[in-house]
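Starting from the known structure of chain Y, fit chain P onto it as the hints suggest.
Number of protein chains: 2
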Amino acid sequence: MIHNKTIDSQINHRSIRAFKDQPLTKEQLETLYTVAQHTPTSMFMQNFSILHITNEAKRAKIRELCNQQYVGAEGDLFIFIADLYRNQQIRKQLGKDDGRVHMTDIFFQAMEDTILAFQNVANAVESMGLGYVPLGTINDHPLKMLEELDLPELTFPVLGMQVGIPNQEPQLKPRLPLKFTCFEEEYNKDFKVEDLADYDKIVTTYYDLRDSNRRIDSFTKQITGQKLDKAIIDRDQLPEELHQQGLCLDWK
Amino acid sequence: MIHNKTIDSQINHRSIRAFKDQPLTKEQLETLYTVAQHTPTSMFMQNFSILHITNEAKRAKIRELCNQQYVGAEGDLFIFIADLYRNQQIRKQLGKDDGRVHMTDIFFQAMEDTILAFQNVANAVESMGLGYVPLGTINDHPLKMLEELDLPELTFPVLGMQVGIPNQEPQLKPRLPLKFTCFEEEYNKDFKVEDLADYDKIVTTYYDLRDSNRRIDSFTKQITGQKLDKAIIDRDQLPEELHQQGLCLDWK
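Line order of the protein sequences matches chains Y and P.
Every letter in the first sequence is one number past the one before it in the UniProt record's numbering, and letter 17, counting from 1, is 17.
Every letter in the second sequence is one number past the one before it in the UniProt record's numbering, and letter 225, counting from 1, is 225.
These aren't lab readings, by the way, just hints derived from the structure by calculation.
Take these hints with a grain of salt, some might be off.
Each computed DSSO-like pair below joins lysine-lysine, with the alpha-carbon atoms no more than 27 Å apart [said to hold, decoys possible]:
no.	chain 1	residue 1	chain 2	residue 2
1	P	Lys-189	Y	Lys-58
2	P	Lys-230	Y	Lys-96
3	P	Lys-252	Y	Lys-230
4	Y	Lys-221	P	Lys-96
5	Y	Lys-227	P	Lys-252
6	Y	Lys-92	P	Lys-227
7	Y	Lys-192	P	Lys-96
Residues from chain P shown here face chain Y by an in silico Cβ test under 10 Å; the list is partial [claimed, not checked]:
no.	residue
8	Ser-15
9	Ala-18
10	Asn-55
11	Arg-86
12	Gln-89
13	Asn-120
14	Ile-216
Note that the structure is predicted; figures quoted are calculated from it, not measured.
Cβ coordinates follow ideal geometry from the N, Cα and C atoms, glycine included.
So here's chain Y without its partners, still in its complex pose (with noise of 0.2 Å):
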């Protein structure tokens, strides 16, 4: 294992959802805006936008609408956007038509963009020695939080970031052993559940040792558990949401 102070700071990696209540200086966010604008990008598109909201009341909305009492709260909140309106303009300004702004590839080309941006922010934000929360929550009720964020066509919130000053230690997550996720030439497909017991086990003792109320979980069983099940809950309207926006259009 190579040690140096970005693979031990990726490496001790969680979340952190308490943040001091102090918003990030001017440098930290010109910092962290120029890191995002480094990232690779697919084409040389640069399909993303970052909407930085500071605004109490529109932060305690996102709040409600993520159901999240960290969101919006202490720290900055960050939303990253997948952006083909932009694009779309200059083609549309300079005479030409939409090309294939409107489809499928176009749009994981964006995706990948706004998340890879996102993960280099990330980075960054713990080089400093800050903490952020990725919130996937900000897709919950997807119809509702574009109402709120006021965007343009052709633009897509992917994921939410909560950035500041830690206010708690939390201990570290254990992950899936590398011989499940990582493969040597070919994919294994035979994957086999009992080979999980072991990590199971692991699993169990970090809930044990993190919650207070000592729940019992596992990680086969969260995966069979409520997370997964049939349900019929608003995140059911993203496909409704990316041709509201002029995405995906080839799904037609």
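Leaving out everything else, chain P in the frame of chain Y:
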């Protein structure tokens, strides 16, 4: 602007497309996998896998599909895979139905896990003095690539990565100024293509200095050009590929 080793490496990122003829060591490989392992993951579902391709014949086949001479040439080739197969198997083998694994929101979570892991690995690569290039071209011929990689249902190859010891020193590519991509409080819908004139000049100068054949190019020229022009190409197969893999079935 804040500086540290991680950030300095990030803001100096450039894609490397020429590598020395020396594969990664076991220690480097293990380090990169361990970094991937510790990437944030949506709902703790760990929905990604990495496939490391070393077989020459397979690398040649992938290179042909990507139509880029550096794919699977010097250095190491990885395919980053959005993977819901493992969790479906857990549910199946423990007597549960597939639940929500065929839904778009769950697939997007898997995309996120995969792309976050990609950038995390990318940053570790550069922190070790190595270089990489992201390979979006692994989706240029989606159905053929699926066959070549012999992946099970509920998986989707998102991005490839060619990694190695740099054998070139490309120039830093100028990115869109932050005012176009990073917004305070509200997304600025009032985009005007004239405002890109200065940036276009910078990009033109970059290509002018880089290319021996002195191609004249600018950002707006690229966006209004072939990259985004309407065309019938194999990338149009993406929705079909996803359905074939049992993903995003709620679009049906």
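Do the hints match the structure? See the list:
1. Restraint check for Lys-189(P) and Lys-58(Y): the C-alpha separation of about 18 Å stays at or below 27 Å, so the hint holds.
2. Taking the CA atoms of Lys-230(P) and Lys-96(Y), the gap is about 11 Å. The hint holds against a cut of 27 Å.
3. A threshold of 27 Å between alpha carbons decides the hint, and for Lys-252(P) with Lys-230(Y) the separation of about 17 Å falls inside it, so the pair holds.
4. Note on Lys-221(Y) and Lys-96(P): the hinted pairing holds, with a Cα-Cα distance of about 11 Å set against a maximum of 27 Å.
5. A hinted pair counts as satisfied when its Cα atoms are at most 27 Å apart, and Lys-227(Y) with Lys-252(P) qualifies at roughly 23 Å.
6. The straight-line distance between the Cα atoms of Lys-92(Y) and Lys-227(P) is roughly 15 Å, inside the 27 Å bound, and the hint therefore holds.
7. Between Lys-192(Y) and Lys-96(P), the direct Cα distance comes to roughly 15 Å. Compliance with the 27 Å bound is thereby established for this hinted pair.
8. Because the beta carbon of Ser-15(P) sits about 6 Å from the nearest beta carbon in chain Y, less than 10 Å, this interface hint is met.
9. Look at Ala-18(P): its Cβ only gets to about 17 Å from chain Y, farther than 10 Å, so that hint breaks.
10. Interface hint status for Asn-55(P): upheld, as the beta-carbon distance to the closest one in chain Y is roughly 6 Å, under 10 Å.
11. About 6 Å separates the beta-carbon of Arg-86(P) from the nearest beta-carbon of chain Y, less than 10 Å, and the hint is met.
12. Taking 10 Å as the C-beta cut-off, the interface hint given for Gln-89(P) holds, the closest approach to chain Y being about 5 Å.
13. Given hint, Asn-120(P) at the interface with chain Y, holds; its Cβ is 6 Å from that chain's nearest Cβ, closer than 10 Å.
14. Because the beta carbon of Ile-216(P) sits about 15 Å from the nearest beta carbon in chain Y, more than 10 Å, this interface hint is broken.
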